[in-house]
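Residue numbers (this note's numbering), protein chains in the order written: chain Y, 1 to 426; chain R, 1 to 513.
To be clear, the hints were calculated from the coordinates, so they are not data collected in a lab.
Don't take each hint at face value.
[Stated by the list, open to error] Per the computed footprint, the stretches of chain R lying under chain Y, defined by three or more beta-carbons under 8 Å from a beta-carbon of chain Y, are:
{"id": "1", "segment": "18-24"}
{"id": "2", "segment": "144-156"}
[As the list claims (entries may be wrong)] Cβ pair distances, simulated, as ranges:
{"id": "3", "chain 1": "Y", "residue 1": "Pro91", "chain 2": "R", "residue 2": "Ile224", "range": "35 to 41 Å"}
{"id": "4", "chain 1": "Y", "residue 1": "Ile5", "chain 2": "R", "residue 2": "Glu198", "range": "40 to 46 Å"}
{"id": "5", "chain 1": "R", "residue 1": "Thr46", "chain 2": "Y", "residue 2": "Pro91", "range": "39 to 45 Å"}
Using N, Cα and C, we set each Cβ at its ideal position, and we do this for glycine too.
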Amino acid sequence: MTMFIVDRRLNPGSKSLENRQRFLRRAKALVQGAVKKTSEGRDIKDVLEGGEVSIPLDGMHEPRFRTEGGTRDRVLPGNKKFVEGDVLPRPNGGGGRGSQAGEGDSEDDFRFVLSRDEFVDLFLDDLELPDLAKRKLAEVESEGLQRAGYSTSGSPANISISRTVQLALARRVALRRPKPQEIAELEAELEGERSEVRRAEILAELEALKAKAKRIPFIDPLDIRYRRFETVPKPVAQAVMFCLMDVSGSMTEHMKDLAKRFYMLLYVFLTRRYRHVEIVFIRHTDHAEEVDEQTFFYGPASGGTMVSSALQAMSDIVRSRFKPSDWNIYAAQASDGDNSLADSPLTGRLLTENILPVSQFFAYLEVGEANGSTFEMPDSSLWTLYQRLRSEGQPLSMRKVSTRSEIFPVFHDLFQRRKNQEKAAS
Amino acid sequence: MTTHERLFEGADWDFRQLQRIHDACEEIAHGELGLDTYPNQIEIITAEQMLDAYSSSGMPLFYKHWSFGKRFAHHETFYRKGLMGLAYEIVINSSPCISYLMEENTATMQTLVIAHAAFGHNHFFKNNYLFRQWTDADGILDYLDFAKGYIAHCEERYGRLAVEITLDAAHALMSHGIDRYPGKKGLDLRAEEKRARERREHEQSMFNDLWRTVPSGPAKTTEILNSERRRALLGLPQENILYFLEKTAPRLHPWQREVLRIVRHIAQYFYPQSQTKVMNEGTATYVHYRIMNRLHEQGRISDGNFIEFLQSHTNVVFQPEFDDQRFSDFNPYALGFAMMQDIERIVTDPDEEDREWFPDIAGSGDVMGTLRQVWANYRDESFISQFLSPKLIRSWRLFHLHDDPAFTEGIKVDAIHDARGYRRIRRELARQYDVGFIDPNIEVVDVDLAGDRRLVLRHTVVKGAQLNETDARRVLQHLADLWTYDVSLVEVDARDKVLKEYVVSPRALAIAA
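Pulled out of the complex, with its shape left as it was, chain Y reads as follows (with noise of 0.2 Å):
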């Protein structure tokens, strides 16, 4: 009989992807519960790697007709010192022996591995991004050119000469052009004949195979190719992010939350944006400084509050070591709002000349408690200088916000002014 033997190794892996994804979606609540969790206790750069949730089987159940209880009837092995009519001692629980085990009626969590992909698209959901802005995400700025096969026209400095050689010598191949080779051989035999007859045929002879090497050129316009280039979108490889904060007293833990939120938020856009993202935070009080990730949300500071020092150290960092040609800046402010009214005409300035023209994005946003409406809070005196900047024309996105959810319309500025040079650019 015969017999066959198939490699499916090599099979496009995954089959079950679908499924999985059917399973998640259906599972969306739960999951998501279960990556806020997950995504709260994690530092800005690990939002971004899948793990292991759990979550609750118990909505995802498939129910089947089954039975429990009555009377049971069980064979087992290894039988030690029973007798027959032996009593037994019910194990604790009553009832019955738990010989089902096995079954799947567990309430445990279901737990499971979710890959990056999934735990990001998951996060987003979470911060109630439109669909736009997800697309968006994935959307590349700057094009460069990109090799893209033959064509037929183009200027000479493009001229592939090797495959135009191979089309040239498939054409004479094809055509049949006499080679040089023959005609030489033709000739010598010419020298050494003596019949007159064969000399005079050997004479029409290279006569035809000169008039028709003359007539196939050796290289002819039709077989000239040019290398074509297309353009491709291209995405600029690398981006770097400013987290600025003012970590004065007034800055309670759940503002410090909604500003890591943030933070957080504009990481994920970045990171799908660009190939390297760099991240440099700044804390500031009276005097800023550039600190590590623990120290910036969790280490302890105290002192009156000077935004134009953040701003101050921001630039100077930009200067030194992040020139604006090679890299996309991003810069993301979080504040309750307090400054030194003195300090103002120069944070102004500063923005204004420094930071606000280099900058692909500046964001700016106003935390308040959780309880506290965002409508009553009294404008403060960053937001009023902002605002007036704004009204200036400045491109400045700024919000405030005091729960989560309100975080993300901060990012709708971003993506309202991309449309808008779209449009300028067709």
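We have chain Y; now place chain R onto it with these hints.
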């Protein structure tokens, strides 16, 4: 005895060697054991593909549904944590018979697996009466392909949600979408005429006027006659709930009926497998054991490789005792293999007891003939009740526990491995494998056509085991959604006493519009 060339050396294998291994196994399986198999197709897969196969019941193609994703996620987590090993192979009851082999297996393991799956299981699939009766090995792959395409098409056309709801409902009723007995074929006119004529002749020849004087019972009322007629027209009582819905649910769309039909067919395809776990694995294990031993005798596998085989074979047929932490239930490989070997012993070397218990086969001498006969004509339940020998009961030290909640003192030991207990133990163990006792006996008994179209189901409670209430309600909810009118289920005991009654109304979001 001629010694053969080694099939392989060490642990590595390549495709040429697999071919040689297969041919060597085939020579023994067909030539010496007299097995009759479908053509084989052997596929090499990776661990990830094995996980994929796990989640779709081992089938190479299947329609899409979230529950398979759930199973996949579950297996994957367990596998990654190292809590679960993967099977060495999966084999599919189809023609050609497809065996999936893991790429990580050593050459010895591949030999074992080919002998086990490509010959043991394959022979069983082709010859066992249940598989012959209920499955169509030639058509199953095409059918699955059709099912996958059809369901994808429905999703495109009617929306994923609608299809998902229908499938959820169908899956919930899957265990009650099976024909347990082959259907009656309708007679053609000629046969019917012939039967009527024979009956008439019989009546004439047996005529006796006396019968007329025998009083019959009270005449049936019109109401009873009507309801009997109605039930007969609907084909009630019907235990195949999915079939009943497919044919008679009033407001299902044609595509929904087709989806129910697909789920029903697939459930039916797997029905024999659940009834023959012990036999199927026993057959395959016995076959691989015979083939491997023979290969070793012929010198085709080395002593070292043979010891590797013995080690994994021993693991496969390991049966922990009831008080062992690892014990969960009978290991079908162990029980099946032990019984097959026991039959071999009874056939070749019986003692007095065997002659008394198994007069038909004891000492008949033809091991393979007897086994082939057994493999073809039994399922787990009948196999155990027929062939579990007292000797095996003794060596496994089987005992029977009877747990009656009404008996408050505890659990009674009803029988042990002694002369008084053999038959009882054999009967109880056979029942443990009897689908008639495992699956609750639920039937559609009536539809209130004149009134509110309520569908009436009945669960005949056996040994006091009632339905789990949460689950029952959920399943009935699915059922009501498909039926689109109220559904009621009564649980009655053997004396027709009603123990519990459920009534469920369809949800507002009815599937059928």
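Distance restraint hint 39 to 45 Å, applied to the beta-carbon atoms of threonine 46 (chain R) and proline 91 (chain Y): About 43 Å separates the Cβ atoms of threonine 46 (chain R) and proline 91 (chain Y), which means 39 to 45 Å holds.
Kindly confirm whether 40 to 46 Å is satisfied by the beta carbon distance between isoleucine 5 (chain Y) and glutamate 198 (chain R). violated (58 Å)
Is 35 to 41 Å respected by the C-beta to C-beta distance linking proline 91 (chain Y) and isoleucine 224 (chain R)? Since the Cβ atoms of proline 91 (chain Y) and isoleucine 224 (chain R) sit about 50 Å apart, the hinted range of 35 to 41 Å is violated.
Has the segment 18-24 of chain R got at least three residues whose CB is nearer than 8 Å to a CB belonging to chain Y? Three-residue rule met by the segment 18-24 of chain R, so holds; n is 4.
Residues of the segment 144-156 of chain R with Cβ under 8 Å from chain Y, three needed, outcome: Result for this restraint: violated, n = 0.
Violated hints, listed in ascending order, are 2, 3, 4; each of the other numbered hints is respected by the structure.
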